[in-house]
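From first to last, the protein sequence lines are chains A and B. If you read the first sequence in this note's numbering, its first letter stands for residue 1, the second for the next number, and so on. If you read the second sequence in this note's numbering, its first letter stands for residue 1, the second for the next number, and so on.
The set of hints was computed from the structure by calculation and includes no laboratory data. There could be a bad hint or two in this list.
[As the list claims (entries may be wrong)] For lysine-lysine, the following DSSO-like pairs were computed, each having C-alpha atoms within a straight-line distance of at most 30 Å:
1) A:Lys42 / B:Lys56
2) B:Lys26 / A:Lys57
3) A:Lys57 / B:Lys70
4) A:Lys78 / A:Lys42
5) B:Lys104 / A:Lys57
6) B:Lys69 / A:Lys57
[Stated by the list, open to error] Ranges between beta-carbon positions, derived for each pair:
7) B:Ala82 / A:Ser27: 39 to 45 Å
8) B:Arg80 / A:Leu113: 35 to 41 Å
9) A:Arg22 / B:Gln9: 32 to 38 Å
Quick reminder that beta carbons are idealized off the backbone N, C-alpha and C, glycines included.
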Amino acid sequence: EPEVTQTPSHQVTQMGQEVILRCVPISNHLYFYWYRQILGQKVEFLVSFYNNEISEKSEIFDDQFSVERPDGSNFTLKIRSTKLEDSAMYFCASSAESRQPQHFGDGTRLSIL
Amino acid sequence: SQQGEEDPQALSIQEGENATMNCSYKTSINNLQWYRQNSGRGLVHLILIRSNEREKHSGRLRVTLDTSKKSSSLLITASRAADTASYFCATVGGQAGTALIFGKGTTLSVSS
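Assemble the whole structure, with the sequences as input and the hints as a guide.
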């Protein structure tokens, strides 16, 4: 069964550094998403992406964050200047249509030192 | 917040017993979805119930939806140790209807 893959599985970065999290969504899906889960808390929506542009974003997704689909397969989340509070699991997801089940990757654990 | 809380927060049962988890939400919905998360892994979609449906089955899973009470329940019958995971309900939110809004989840432990 096709799956969403994320790399790296764990990223350790110094505060203030830029980090790029990578995702390969399911190939025939059209909608792409990023979520984050701070340890012990609920999964929170960050951003959705469709037709090469952001569909919507949450309050968390401020100017420090950006997303890109640089080619036909990858979907990336960039955090420009990381803060300690950015430490979390970041999940990528994709779906064939909006409002339909989303398929999640296993996440990237981001640790900011 | 669009999403309420799942209850219970934690549930421990023996293999073979049934597990029931409840979820509440606050706004009108198009559908409600249940996901499972094994420790250290991503979320896996289990079942979707539309707002005009009251009950849906998938294998050992049964989901009910009461839109008048803005609540849903997930029943896992004849539980197995492999069902040990966190379970989340999610509704679709946001102006574009693309964001999944999750509750805090129920952590289920099934012992053999």
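A quick look at each hint next to the structure:
no.: 1; hint: A:Lys42 / B:Lys56; in the structure: 25 Å, holds
no.: 2; hint: B:Lys26 / A:Lys57; in the structure: 20 Å, holds
no.: 3; hint: A:Lys57 / B:Lys70; in the structure: 25 Å, holds
no.: 4; hint: A:Lys78 / A:Lys42; in the structure: 22 Å, holds
no.: 5; hint: B:Lys104 / A:Lys57; in the structure: 20 Å, holds
no.: 6; hint: B:Lys69 / A:Lys57; in the structure: 29 Å, holds
no.: 7; hint: B:Ala82 / A:Ser27: 39 to 45 Å; in the structure: 29 Å, violated
no.: 8; hint: B:Arg80 / A:Leu113: 35 to 41 Å; in the structure: 40 Å, holds
no.: 9; hint: A:Arg22 / B:Gln9: 32 to 38 Å; in the structure: 33 Å, holds
This entry does not satisfy hint 7, going by the numbered hints stated previously; all others are met.
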